[in-house]
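Engineer: Chains as they are written, first to last, in the numbering used here: chain A, 1 to 396; chain B, 397 to 781.
It is worth saying that the hints were derived from the structure and are not from the lab. Please note that a few of the clues may not be correct.
To be verified - Using 20 Å as the maximum straight-line C-alpha spacing, the simulated DMTMM-like pairs for lysine to aspartate or glutamate come out as follows: (1) Lys606(B) to Glu635(B); (2) Lys632(B) to Asp591(B); (3) Lys372(A) to Asp74(A); (4) Lys430(B) to Asp74(A); (5) Lys476(B) to Asp453(B); (6) Lys430(B) to Glu635(B); (7) Lys476(B) to Asp176(A); (8) Lys665(B) to Asp453(B); (9) Lys476(B) to Asp74(A).
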Amino acid sequence: MSAVSDHTPNAAPDPAGGDNAAQPPPANDAGAVFYDGTSNRKRRVTLQFNAALDIVEDGLVIASWPYADIRQVDSTRAMRLSAVSAPTLARLEIEDKTAAERIAALCPALDAARGGKQTGRIVAWSLAAACSIILVTVFGIPLIADRMAPLVPFAIEKRMGEAVDRQARAILGGRDCTNPEGQAAFTKMVARLKDASGFDTPLEAAVLSSSIPNAFALPGGRVYLLDGLLQKANNVDEVAGVLAHELGHAHNRDGMRKIIQTGGSSFLIGLLFGDVTGGGAVLFAARSIIDASYSREAETRADDFAIQGMHALGRSPEPLGEFLVRMTGGSRVATIIDSHPVSAERLDRMKKEARPVTGEPVLTDQEWKALKSICRANGGETGADAARPARKTADR
Amino acid sequence: MHMPMPASVPSVPPPQPSAPQAVTFTGERRDFRKMLTRGSWLELITLGFYRFWLATDMRRHLWSHTAVAGDTAEYTGTAKELLIGFLVALAIMVPIYLVYFFIGLEAERHQAFASIPLFVFFYLFTHFALYRARRYRLTRTIWRGVRFWMGGSGWSYAWRAALWGALVWITLGLALPWRTAALERFKMRYTSYGDLQGSFEGTGGAFFKKGWWLWLLAWPAAFMIIPLPFIYAMYKAIEWRWWMSGIRIGAVRFENDLDIGDLLGVYWKVVGWIVLFLTLLGLWFGAVFGIGWSTVAPATGSTELKMAIITAHPGILAVLGLGYLLMAIGLNIVMRLYLMRDIWAKVAGTTVVHNLEAADNVTSQGDAVNALGEGFADSLDVGGF
Chain A
1 MSAVSDHTPN AAPDPAGGDN AAQPPPANDA GAVFYDGTSN RKRRVTLQFN
51 AALDIVEDGL VIASWPYADI RQVDSTRAMR LSAVSAPTLA RLEIEDKTAA
101 ERIAALCPAL DAARGGKQTG RIVAWSLAAA CSIILVTVFG IPLIADRMAP
151 LVPFAIEKRM GEAVDRQARA ILGGRDCTNP EGQAAFTKMV ARLKDASGFD
201 TPLEAAVLSS SIPNAFALPG GRVYLLDGLL QKANNVDEVA GVLAHELGHA
251 HNRDGMRKII QTGGSSFLIG LLFGDVTGGG AVLFAARSII DASYSREAET
301 RADDFAIQGM HALGRSPEPL GEFLVRMTGG SRVATIIDSH PVSAERLDRM
351 KKEARPVTGE PVLTDQEWKA LKSICRANGG ETGADAARPA RKTADR
Chain B
397 MHMPMPASVP SVPPPQPSAP QAVTFTGERR DFRKMLTRGS WLELITLGFY
447 RFWLATDMRR HLWSHTAVAG DTAEYTGTAK ELLIGFLVAL AIMVPIYLVY
497 FFIGLEAERH QAFASIPLFV FFYLFTHFAL YRARRYRLTR TIWRGVRFWM
547 GGSGWSYAWR AALWGALVWI TLGLALPWRT AALERFKMRY TSYGDLQGSF
597 EGTGGAFFKK GWWLWLLAWP AAFMIIPLPF IYAMYKAIEW RWWMSGIRIG
647 AVRFENDLDI GDLLGVYWKV VGWIVLFLTL LGLWFGAVFG IGWSTVAPAT
697 GSTELKMAII TAHPGILAVL GLGYLLMAIG LNIVMRLYLM RDIWAKVAGT
747 TVVHNLEAAD NVTSQGDAVN ALGEGFADSL DVGGF
């Protein structure tokens with residue numbers, strides 16, 4: 001049975017590994033190897049199929065396993081058994097085929113330990129867990145973020161803003177544009193919009209010398225306009241609309257809300273996909289879809305804010321809509337300003353809200369010109385940037 | 397050394413010096429591949445939860461087809477234990493991650509190198525988790541009705557791993573053999589089979605003597621890329637042989653004569669598969685972008701704008717994602733089949749055990765430990781077997 005020399009004295013009279021050569025066992029019996037669960041000593045035993053399975057060594061019953069307690073465990077060579085009522089590691093190894101068949105017939109719960117895996121159940125529960133996580137992500141997290149964002153003290157939001165600010169500036173590579181006349185025009189525009197829309201929290205607005213046509217708001221009341229956007233604007237109302245929209249984000253504390261939402265959703269989705277094959281890609285795709293759906297709502301609210309602001313100034317929000325469409329090619333698919341609602345839809349809204357112009361222009365022509373060249377510095381530090389907007393306009 | 401009889405020469409009491417016993421692996425490659433394929437799809441469908449069951453199935457297959465002196469091992473771990481270990485680990489990790497998030501935020505503000513201690517913490521934690529995961533697997537490994545066991549402090553191991561890691565870094569890899577030896581000594585010192593105490597007698601010096609020339613070759617090879625699999629195969633073959641010959645369990649010794657050629661074939665096949673999958677993925681992406689260019693993108697506008705619009709289209713994202721997923725599943729199957737199963741089979745097939753009769757009358761000792769370590773390793777994405 002085994003190549004290993006056997007030290008057990010009782011095995012000595014049973015030479016050459018013959019299972020039933022030395023003493024003729026009753027027809028009822030079968031040879032086996034038994035490990036008692038306290039030692040790894042190989043004990044050659046005979047099995048007696050009585051009321052329970054009796055394990056006999058040297059004519060003495062050393063263990064008796066009720067058939068219902070017997071379980072089959074992993075082995076690729078012989079049938080290997082354990083019993084729930086025996087020590088955990090007690091093992092019985094049966095090489096004899098007929099004996100193994102007999103055991104299989106006698107033990108009702110032989111495969112209870114191994115056959116317990118129901119793939120269907122695993123799949124069903126996984127999907128249930130996935131569903132609940134997705135529901136919480138889609139419905140619960142925005143709710144939590146809405147409740148939590150206003151509760152976060154402004155000082156903390158400001159700190160987070162500082163952290164994000166460094167990254168944003170590093171990515172954009174732009175500097176503050178400080179042409180004095182342009183700066184004055186910009187300050188006037190911001191002040192007029194603030195007054196008109198009832199913006200009441202601290203605000204830091206600036207123009208950055210990046211040629212990307214965009215504008216954004218960061219947590220802590222930071223609003224940035226990029227030079228690329230200024231260059232693409234045809235008139236002052238377009239820029240005022242964009243700025244009002246970003247003020248809306250700052251007013252609604254969307255940055256803070258977004259941090260809570262992104263943190264929460266990436267945590268939950270990460271939890272869900274843990275280690276799945278290709279989890280990275282799925283995680284990214286799921287995150288961007290969910291984040292986009294969050295921000296579409298925020299964008300709509302910021303648009304509301306912009307529309308109200310423009311109305312209060314006696315200006316029409318329609319140029320904002322036209323500007324958005326012009327910048328994104330007016331296609332009906334998601335856009336360069338990702339996660340925003342389709343710009344054609346936004347234009348429709350702005351058109352609906354269009355009113356005859358009653359107020360004076362936000363900036364004079366002189367000021368508008370100054371604002372447009374806020375990054376065309378006399379200091380010469382943005383000389384390189386001056387060429388870029390020209391190329392951009394040529395693209396149009 | 398704790399054993400009463402000297403470990404160096406076959407002792408007097410057994411009448412004849414026993415012949416070395418073979419380690420054999422009898423698992424069918426086809427069975428393992430089928431299990432992997434099915435498991436990988438299930439992993440995808442269950443969004444990853446099936447990984448606990450697949451890992452358990454793989455271990456059961458490998459363990460139960462591996463025999464020493466004709467007696468096969470048994471893996472008694474269950475997927476449920478792994479799942480619970482993961483959930484508990486999650487409960488502990490969540491607050492840690494939250495604290496990590498806020499500390500990181502502060503660090504970002506001050507722009508100091510304040511995030512380095514955090515990195516060190518996660519490095520330590522990873523090694524702690526790996527140590528505890530080894531402990532889980534070992535206590536689920538049964539041979540002849542007695543389980544292996546492992547004690548020792550995971551944190552104490554983690555510190556050693558980190559300090560040795562720093563030394564390897566400083567010495568540009570030259571200290572690697574001594575690090576491996578030191579960590580292996582630590583692990584084996586706390587490893588036992590029943591009441592038979594393990595130890596590790598391999599030395600960093602011996603490892604270094606066998607493999608120092610690889611260190612020299614690795615530098616030019618790093619620039620030429622192609623020779624890297626050769627060098628890695630040679631390194632692994634040397635490491636396996638050295639490692640096996642250093643392991644002691646009581647007076648039981650192991651010996652391995654793994655050939656570089658054995659491993660080289662496996663690694664080149666893996667490289668071939670990776671190249672194939674990446675090529676297919678490239679073709680897939682190229683085709684999808686080509687179609688997107690002619691359908692979704694606007695007729696006018698800059699190239700960046702067109703690309704941005706294409707990559708923002710949900711349909712295109714979905715098709716790109718699908719291609720990526722298929723590749724990831726394929727690669728996952730290849731990695732586990734070649735690097736786990738094939739290497740296991742080759743190492744087992746080339747190993748013999750000396751003095752096995754020293755393990756003939758071992759008293760069982762120690763109980764199964766929980767799967768928390770596995771859970772940590774899993775949540776840190778460093779799970780091994």
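Engineer: Next, verify each hint and record whether it holds.
Structural biologist: These are the hints, each one checked on the structure:
A distance of roughly 9 Å separates the Cα atoms of Lys606(B) and Glu635(B); the hinted pair therefore holds under the 20 Å criterion. For the hint linking Lys632(B) to Asp591(B), the alpha-carbon distance of about 31 Å lies beyond 20 Å, and the restraint is violated. The suggested pairing of Lys372(A) with Asp74(A) is violated, with an alpha-carbon distance near 77 Å, which exceeds 20 Å. Distance check on the hinted pair: Lys430(B) and Asp74(A) sit about 19 Å apart at the alpha-carbon level, within 20 Å; holds.
With a CA separation close to 12 Å, the supplied pair Lys476(B) and Asp453(B) stays within the 20 Å bound. Taking the CA atoms of Lys430(B) and Glu635(B), the gap is about 30 Å. The hint is violated against a cut of 20 Å. A distance of roughly 57 Å separates the Cα atoms of Lys476(B) and Asp176(A); the hinted pair therefore is violated under the 20 Å criterion. With a C-alpha separation of about 24 Å, the suggested pairing of Lys665(B) with Asp453(B) is violated against the 20 Å cut-off.
Restraint check for Lys476(B) and Asp74(A): the C-alpha separation of about 17 Å stays at or below 20 Å, so the hint holds.
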